[in-house]
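2 protein chains.
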Amino acid sequence: MEKKRIVLAHGGGGVLSRELVEEIIVPSAGGSPSALPDAASVPGAEDFYFTTDSFVVKPLFFNGGDIGSLSVHGTVNDLAVSGAEPVAVSFSLIIEEGFEIDTLRRIVESAGRAAGESNVSIITGDTKVVARGEADQLFVNTAGIGICRHDMGNTGIKEGDCLLINGSIADHGIAVMSRRKGIDFDTEIKSDSAPVWPYVKALLDGGIDIHVMRDPTRGGMAASLVELSGDHGVTTELYEDSVPIRDEVRAACEMLGLDPLTVANEGKLLVYVAESDAEKALKILRRTKGGEGAEIIGRAVQRRAVSVFIKTSFGGERVVEMPYGEELPRIC
Amino acid sequence: MEKKRIVLAHGGGGVLSRELVEEIIVPSAGGSPSALPDAASVPGAEDFYFTTDSFVVKPLFFNGGDIGSLSVHGTVNDLAVSGAEPVAVSFSLIIEEGFEIDTLRRIVESAGRAAGESNVSIITGDTKVVARGEADQLFVNTAGIGICRHDMGNTGIKEGDCLLINGSIADHGIAVMSRRKGIDFDTEIKSDSAPVWPYVKALLDGGIDIHVMRDPTRGGMAASLVELSGDHGVTTELYEDSVPIRDEVRAACEMLGLDPLTVANEGKLLVYVAESDAEKALKILRRTKGGEGAEIIGRAVQRRAVSVFIKTSFGGERVVEMPYGEELPRIC
Numbered sequence: 072m073e074k075k076r077i078v079l080a081h082g083g084g085g086v087l088s089r090e091l092v093e094e095i096i097v098p099s100a101g102g103s104p105s106a107l108p109d110a111a112s113v114p115g116a117e118d119f120y121f122t123t124d125s126f127v128v129k130p131l132f133f134n135g136g137d138i139g140s141l142s143v144h145g146t147v148n149d150l151a152v153s154g155a156e157p158v159a160v161s162f163s164l165i166i167e168e169g170f171e172i173d174t175l176r177r178i179v180e181s182a183g184r185a186a187g188e189s190n191v192s193i194i195t196g197d198t199k200v201v202a203r204g205e206a207d208q209l210f211v212n213t214a215g216i217g218i219c220r221h222d223m224g225n226t227g228i229k230e231g232d233c234l235l236i237n238g239s240i241a242d243h244g245i246a247v248m249s250r251r252k253g254i255d256f257d258t259e260i261k262s263d264s265a266p267v268w269p270y271v272k273a274l275l276d277g278g279i280d281i282h283v284m285r286d287p288t289r290g291g292m293a294a295s296l297v298e299l300s301g302d303h304g305v306t307t308e309l310y311e312d313s314v315p316i317r318d319e320v321r322a323a324c325e326m327l328g329l330d331p332l333t334v335a336n337e338g339k340l341l342v343y344v345a346e347s348d349a350e351k352a353l354k355i356l357r358r359t360k361g362g363e364g365a366e367i368i369g370r371a372v373q374r375r376a377v378s379v380f381i382k383t384s385f386g387g388e389r390v391v392e393m394p395y396g397e398e399l400p401r402i403c
Numbered sequence: 072m073e074k075k076r077i078v079l080a081h082g083g084g085g086v087l088s089r090e091l092v093e094e095i096i097v098p099s100a101g102g103s104p105s106a107l108p109d110a111a112s113v114p115g116a117e118d119f120y121f122t123t124d125s126f127v128v129k130p131l132f133f134n135g136g137d138i139g140s141l142s143v144h145g146t147v148n149d150l151a152v153s154g155a156e157p158v159a160v161s162f163s164l165i166i167e168e169g170f171e172i173d174t175l176r177r178i179v180e181s182a183g184r185a186a187g188e189s190n191v192s193i194i195t196g197d198t199k200v201v202a203r204g205e206a207d208q209l210f211v212n213t214a215g216i217g218i219c220r221h222d223m224g225n226t227g228i229k230e231g232d233c234l235l236i237n238g239s240i241a242d243h244g245i246a247v248m249s250r251r252k253g254i255d256f257d258t259e260i261k262s263d264s265a266p267v268w269p270y271v272k273a274l275l276d277g278g279i280d281i282h283v284m285r286d287p288t289r290g291g292m293a294a295s296l297v298e299l300s301g302d303h304g305v306t307t308e309l310y311e312d313s314v315p316i317r318d319e320v321r322a323a324c325e326m327l328g329l330d331p332l333t334v335a336n337e338g339k340l341l342v343y344v345a346e347s348d349a350e351k352a353l354k355i356l357r358r359t360k361g362g363e364g365a366e367i368i369g370r371a372v373q374r375r376a377v378s379v380f381i382k383t384s385f386g387g388e389r390v391v392e393m394p395y396g397e398e399l400p401r402i403c
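Chains A and B, in that order, give the protein sequences.
Each residue of the first sequence is one higher than the last, beginning at 72 in our numbering.
Each residue of the second sequence is one higher than the last, beginning at 72 in our numbering.
Keep in mind the hints are simulated off the structure, nothing from the lab.
Among the hints, a few may not be true.
Note: identical chains are not told apart, hence a pair may lie in one copy or across any two.
The calculated EDC-like cross-link candidates involving lysine to aspartate or glutamate, where the alpha carbons are at most 16 Å apart (straight line), are [stated by the list, open to error]: (1) 75 - 173; (2) 74 - 171; (3) 74 - 93; (4) 229 - 302; (5) 129 - 167; (6) 272 - 346; (7) 354 - 280; (8) 351 - 363; (9) 74 - 167; (10) 382 - 180.
Note that this is a predicted model, so its numbers are computed, not measured.
Generate the whole structure from the sequences, applying the supplied hints.
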């Protein structure tokens, strides 16, 4: 940790985020570097999983969602990718003095609706107010509790495993950015913010043995796959032609100079399964509402020097790197 | 709800806080007005309690604690007063760009120590960074899970019940304020920030049938007692001479024009028990480390027009009102 002060990149979900958490936060809190996963099993009640996320997205409203719905989806998805069915969430607000109460109402209603659609109850909350200029409008924190339905503690990514995704990438990040920058694309780009538990449940109900899952939020698919591949001692090979990206999102990324692999998603699920399960899993994902665009996008291969590489349309190979810092600040 | 915009007083733990939560937040989130208590039982796992709090205390360090330890104590205490033994907490940070990493380390270490002393593990967390000027240094959110050890769902405050407290009031609020205002009192006033579960456990182990508990934080003892008395259909009579207040805290309150009954505490426990249990409960509290100053400070009487009144040293009576708004902003 070379830096002496926090920079925006520490919140970007990339290399610096990981350094901050692993070198400063977790050891200071008294844990071991692997002790703060997205969701953790509760001591003495190992069937229950617990997770938390704060949300600072700017602007508060974007096409396809707002900070209220996002804060519920973000937390229930951290549970879902841990194999836990979400059951309850908390909802905590830090509000800047002067914030409009009607706007607050819209945001809380949106959170309530997202909770209903995610089959969870908001059962506890808190409200703090700070003076004007001491916070930027509104920050939200949610925490969530889920019940384990699929224990992945003893599984992991194995060589030969196939990697699936339930739909197109980079929609959320581009929807927020376009709103923020006032960019008017020809087609409306909509955030994918949504609960992913229905996909997980469908796979489990279909008898798929899920090896590992992740929701590629901050840092995008690149950050998730580099982290997972490193942790499980494999290399992931991505098929460029198979990674679903909407044309308008690809165009926006080009315009903004962003790699879509590093842009945040809020309703996407990455799943590693055995090759023998892959086609069946794909069918199940495609049959699940919202998953019509699911694809098999890669596979785990023997560990190489790089964690993730992409096979380009022209047969070449390109290394996929963990983004260093914050390409898109305050995206979630 | 007459106001159109959020004012500081909405975060003060008084009348306006309650209005905001009951009229806007809870109905918008899809719950009933009684649906967001400090800690709530988890659907499908009723033995587990869940709670959350955000912390915006200013300054970050004060005599007797800091935002790290406070954020752990605040959350484990919400569980404890619900009769739940705290088992795990989350720890989520919103950091302003430019914040010193060494200071961050000190705060997280303090949270880790507080967790250790509270017998809980920090098992999950999150870190967000916002640009300079978009937050005031650092905000923390914690959520917590506890296991129910004493179900108070069917009990309540009964006429004749005695009210006890485990020590002196208003220490936390005055410790923070004096630091903030740069006031130099002759004696150092120290926050009481500490876990209250040890007191609850001692009472339960001693066979005390606790009717109702509360930790009088924002809005102080006045807010807690007015709320509890109203909810349980009794009036609480306080004995002015028995309410423990340190001389230096009383002097500071007079200097700052504050009623100590409305000043925040972070390690205090209000307990209603049957009169027949009161003396035994008092002995137990006084035997518990830190509880040497415990007192029986009042009793529940037949419901009158006012929820709480105080019998003054001179035999008179004074109404104790719910504070309207924010006497002390950013105290927790």
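These are the hints, each one checked on the structure:
Taking the shortest alpha-carbon separations for residue 75 and residue 173, only the inter-copy value of 7 Å comes in at or below 16 Å, while the best intra-copy value is 41 Å. Taking identical chains as interchangeable, the C-alpha atoms of residue 74 and residue 171 lie at most 16 Å apart only when they sit on different chains, with a minimum of 9 Å there against 38 Å within one chain. In this assembly of identical chains, the alpha carbons of residue 74 and residue 93 lie at most 16 Å apart only when taken from the same copy (14 Å versus 45 Å across copies). Only within a single protomer do residue 229 and residue 302 lie at most 16 Å apart by alpha-carbon distance; the minimum there is 12 Å, versus 57 Å between protomers.
Taking the closest pair of Cα atoms, residue 129 and residue 167 come within 16 Å of each other both inside a single copy (14 Å) and across two copies (15 Å). For the identical chains of this complex, residue 272 and residue 346 are neighbours neither inside a copy (20 Å) nor across copies (53 Å), given an alpha-carbon limit of 16 Å. In this homomeric assembly, residue 354 and residue 280 come within 16 Å of each other (Cα to Cα) only inside a single copy, at 15 Å, whereas the closest approach across copies is 57 Å. Proximity of residue 351 and residue 363 under a CA criterion of 16 Å is satisfied intra-copy only: 14 Å inside one chain copy versus 66 Å between copies.
Proximity of residue 74 to residue 167 under the C-alpha cut-off of 16 Å is restricted to the inter-copy arrangement: shortest distance 15 Å between copies versus 30 Å within a copy. With identical chains, the CA atoms of residue 382 and residue 180 are never at most 16 Å apart, being 44 Å at best within one copy and 44 Å at best between copies.
Violation of the numbered hints given earlier is confined to hints 6 and 10; the remaining hints are satisfied by the structure.
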